[in-house]
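Anchor point for the sequence shown: position 155 equals 155 in UniProt numbering, and the numbering is continuous, going up by one each time.
Just so you know, these hints were derived from the structure itself, not from any lab. Fair warning: this is a prediction, and the values are worked out from it, not measured in the lab. Among the clues, some could well be false.
[As the list claims (entries may be wrong)] Here are the computed lysine-lysine pairs in the DSS-like style, where the Cα-Cα straight-line distance is at most 30 Å: (1) Lys52 <-> Lys140; (2) Lys80 <-> Lys201; (3) Lys188 <-> Lys57; (4) Lys135 <-> Lys187.
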Amino acid sequence: MQSPINIASQNVMVTRQLPPFNFFYYQVTENVFIKVVKSPKRTAQMAFIGSKVIFLKGGGLPDIYKLDEFHFHWGLELHKSSEHTIDGKHFPLELHIVHHQSKLYNFKTASTQPFGLAVVVFMFKLVPDENLGFKKFLGKFDANLGYLDNFALSEIIPVYDNLEYYRYYGSMTSPPCTESVIWSVMKKPIPISGEQLKALKHVLNPMGNPLLHNHRPLQNRNRRPIFSAIFKSSNDALCQKAKYWLALYMVVRLC
1 MQSPINIASQ
11 NVMVTRQLPP
21 FNFFYYQVTE
31 NVFIKVVKSP
41 KRTAQMAFIG
51 SKVIFLKGGG
61 LPDIYKLDEF
71 HFHWGLELHK
81 SSEHTIDGKH
91 FPLELHIVHH
101 QSKLYNFKTA
111 STQPFGLAVV
121 VFMFKLVPDE
131 NLGFKKFLGK
141 FDANLGYLDN
151 FALSEIIPVY
161 DNLEYYRYYG
171 SMTSPPCTES
181 VIWSVMKKPI
191 PISGEQLKAL
201 KHVLNPMGNP
211 LLHNHRPLQN
221 RNRRPIFSAI
231 FKSSNDALCQ
241 KAKYWLALYM
251 VVRLC
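Let the sequences and hints guide you as you build the complete structure.
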């Protein structure tokens, strides 16, 4: 079962059994060091190193997941830029925040195991005004030195909100595309200006070669379940927690 996919909102299973996420230490900068891993063909990765362990809990995940890195995806055309789509709609930019299951040794090991990885996805939308958090991000980015200085992920993502999301099981979107990922696609996009998007693409391509697109084409859903987490009253049909995990288990069995 491969990723990315289109999320058709009329075909999801609405549930209140999936709780909100808890983002631990996403706002901390002390003892947090972010190394910029350059790539000639894909966007740079911001890899977290250092003594501070940043981790993710909640969200119906089966374990605590440790933060590894974050990176962005975009395309040549603004209307065909994100990897995932919602109701057939692309977004101009897609952020992946990658974690591995804490009981597994590291990212490499976790990427080969069912439920080994948890990737949180944020989409972006273009607005006239600058995103102040992104302004800080761009100001702290030094591609020549290869690191991000004094930066916290909470500057660009709303970690304190109860973020509603879509949930499905799939694969990594870059080789070897192993089917080990619990995907959580946030419903509410983050605003960013056109100039900031242009600047972001520039600083994340430090190899000197034009990087016009770095996204994988959409893959078939193959009838796998997609869940829609809600945290407010709704008249939609609710699925039980047991059904949620049974559905994910059956998907893994079929992989």
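Against the structure, the hints:
Restraint check: the Cα-Cα separation between lysine 52 and lysine 140 comes to about 20 Å, which is no more than 30 Å; the hinted pair holds. For the hint linking lysine 80 to lysine 201, the alpha-carbon distance of about 15 Å falls within 30 Å, and the restraint holds. Pair hint lysine 188 plus lysine 57 holds up; C-alpha atoms about 20 Å apart against a cutoff of 30 Å. Taken as a hint, the lysine 135 and lysine 187 pair is honoured in the structure, with Cα atoms around 23 Å apart against an allowance of 30 Å.
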